[in-house]
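> Listed below, chain by chain, are the residues.
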Amino acid sequence: MDIGNLLGFSLEQALGPTAIIYCLAAIGLNVHFGYTGLLNFGQAGFMLVAGYSVGGAVTIFSSSLWIGLVVGLLLCVVLALLLGIPTLRLRADYLAIVTIAAAEIIRQTIGAASFSSTFGGQDGITDFIGGFRAANPYTERVDLGLVQWSAYDAWVMTVGWSLVAVCCLLIWLLMRSPWGRVLKSIREDEDAVRSLGKNVYSFKMQALVIGGVIGGLAGVMTSLRSAAVGPSFFATDVTFFAYTALLIGGAARVLGPVAGAIIFWFLINFLGSFFSQATRSELIPTWIMDSQQASLMRFIITGLGLMLLMIYRPQGIFGDRRELALDAR
Amino acid sequence: MAFLAVVAPAVPAQAAVPAAESGGRCSYEDHPEGEIHIKGCLRDERDDPPSPVEGVAVTVEDESGTVIGEDTSDANGIFDIPLEGDPLKILGQTFVVKIDESTLPDGSGLRDPDKVEVTIRFTTTGDQSVIFPIGDPLAGSSGKLVQALQLTVGGLVFSSLLAMAALGLSMIFGTTGLTNFAHGELITFGAIVAFAIDRLPGQISIGGANITVIVGVIGAFIVSAAFGWLNDAALWRPLRKRGTGVIAMMIVSIGLSLFLRNLYQYFAGAQSQNYSQYSAVTPWEIGPLLITPKEVAVFLIAMAVLLGTTALLQYTRLGKATRAVADNPALSSATGINVERVISIVWIGGAALAGLAGALLGLTQGFDYQIGFKLLLLVFAAVVLGGLGTIWGAIVGAFIIGLFTELTTLFVPAEFKFVGALLLLIVVLLIRPQGLLGRAQRVG
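Sequence order for the protein chains is A and B.
Under my numbering, the first residue of the first sequence carries the number 1333, and numbering increases by one thereafter.
Under my numbering, the first residue of the second sequence carries the number 3, and numbering increases by one thereafter.
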């Protein structure tokens, strides 16, 4: 077992393209859950809509990635409105159930064999990334000693971390404005806010739209990272992982999701390669764990970690416990 | 490796079927070594023994959709299409075999109307045979009715299982306010326990009759009950004592779902499993309908358990206490009801119902480690449709959702059946957010 190698690989991943996806998804969830107290369990649905828009713009409409980006984010707005209208007046768990159901509806529909000529069925859409690849300013591998990335990954990371920075700045500005204070007070006591004459429903809707659009950016990054989109990239667990990342870092903190996503993806990769090496080098005998079971250990630990985190430290690493005295409403 | 192990035996088994069915008449002509043929034997399965169907056009297309071979079935119902080229090149390629439905004799059609084409992939350099079961045409007005009845039968069986799972979820929600995202894992737990008992060495029998699987299902019910108690005692009760909010508990349940689901896969593997008995049973033919004794048994057991549970809730002291706690925990505590004890019993009962549903579902269609997770959204849909926290609502909702998922396959491809049920959930929330049997003040 090579610990240095293990750490290097995990760090590479923790700063790499996939961590950015969870980071953006978690920033979106932070607006929903951290600041407004909305339980959106369908972030993967927002990601899917935007991701497929980027891919579909090129392959289906032979248009440009830019148009796909704009259309994708607009569709995220539409999706947020569609989900919000029936559920935001109801108790929190209704939004949770409806969003998780909606994400699954979209995923199963778009992955259906009946539409495979348009959306590629379970295989998804590929071959749309040419324009983005052509704009890559990096010509060779980026090598920083311990960590290194391919030229394409470095380009995706440049774009991705810039997006993360812009989103964080936006959230910081929004949440220190009076508008942001209304959101936080909705989270704390909805009825009090209502009695002050604020339109709670409208504020919740705005929060849902903004968080959904940031989730859409995560979907766009997914399409750029993989140079493909498929229904399996947007399974329900993606949303759950984004929640885990958010809760590790700390909800209701601007940089919470960023730190959380990096730590989460570091741990996932560290655990993944640790157990795979441990079984391969027979540190753990095969009768206890084979290589397939080793690949599951990280998810078992993630599930356990999410539970323990929510029970013992719901504010995460950087959060403030007083800010998360949540209850169903 | 496990994947290969599952797939490999399927090929020879498939190839053996036409020859076995026809009593030797379905024999293919030999062809020179080094050629690969796609062949099949078309039989009208209404006759006994099945009679050959002649003059049906079959084509083979390659991956780009170009027709590369065609044949018409001969007097023995055999079509045989050689593939051009080097057998090793063909290895790994996919071909689509299509049957021309219009060339079928009048009065007959494909048993599975969606299966006008079959995709095959060569994993060996041997010939591949394709089966197109031919029988009564299912299209047309009378066919639609029969089909609807047949789907209703399947839908009722599925609904009764869904109702057991939904009732458990709804009872737990009603008494604790927890929307348990790990409820699907309680369903899977039952299926896995039954499977584990089934896999124990030896078999259990009474008076010469092998009852291993029956014992497995009963065992699943009991062990699931204990698992429900453990869930409450080890996790949820301490959380309630700490005063953890409902939303925080919901996220804890997501962690639990993730944890258990991967743990199940760790121990049971990713492949779909079947129990050792009752996996292939001959259906009874009742008029035009095909009903297996297994389905009848599963339905009757599920209905008996459902009626028993609702009777308990409706008439016993404990049941009344449960409904009182669901209505208002503080007030029922003040009247001397031991709320924690009631909640503990609800968890035991809810998990036992879910586990039984899982074991019976595994019996009807096989199971894998995420059978419950796949079902979870339908259970939610059923519970919300009927009214969160209501007892009759969960059952009514489950039957609506269960029948809806099956019957929509009459009009849309089967891959959309879950989508339809989930859309129904959203539409109901728009029109009547408290659910069909819920009261309006529960929400808002």
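Please keep in mind that the hints were generated in silico from the structure rather than gathered at the bench.
Errors might be hidden in some of the hints.
[Unchecked claim] No farther apart than 20 Å at their CA atoms in a straight line, the calculated lysine to any residue pairs in the SDA-like style are these: (1) LYS419/B / THR1441/A; (2) LYS376/B / ALA299/B; (3) LYS419/B / GLN1454/A; (4) LYS419/B / SER1564/A.
> Now, for every hint given, state plainly whether the structure supports it.
Here is what the structure says about each hint:
With a C-alpha separation of about 10 Å, the suggested pairing of LYS419/B with THR1441/A holds against the 20 Å cut-off. For the proposed pair LYS376/B and ALA299/B, the alpha carbon gap of about 24 Å is over 20 Å, so the pair is violated. Simply put, LYS419/B and GLN1454/A have alpha-carbon atoms about 17 Å apart, close enough for the 20 Å limit, and the pair holds. Proximity of LYS419/B to SER1564/A is assessed by CA-CA distance (about 19 Å); at most 20 Å being required, the pair is judged to hold.
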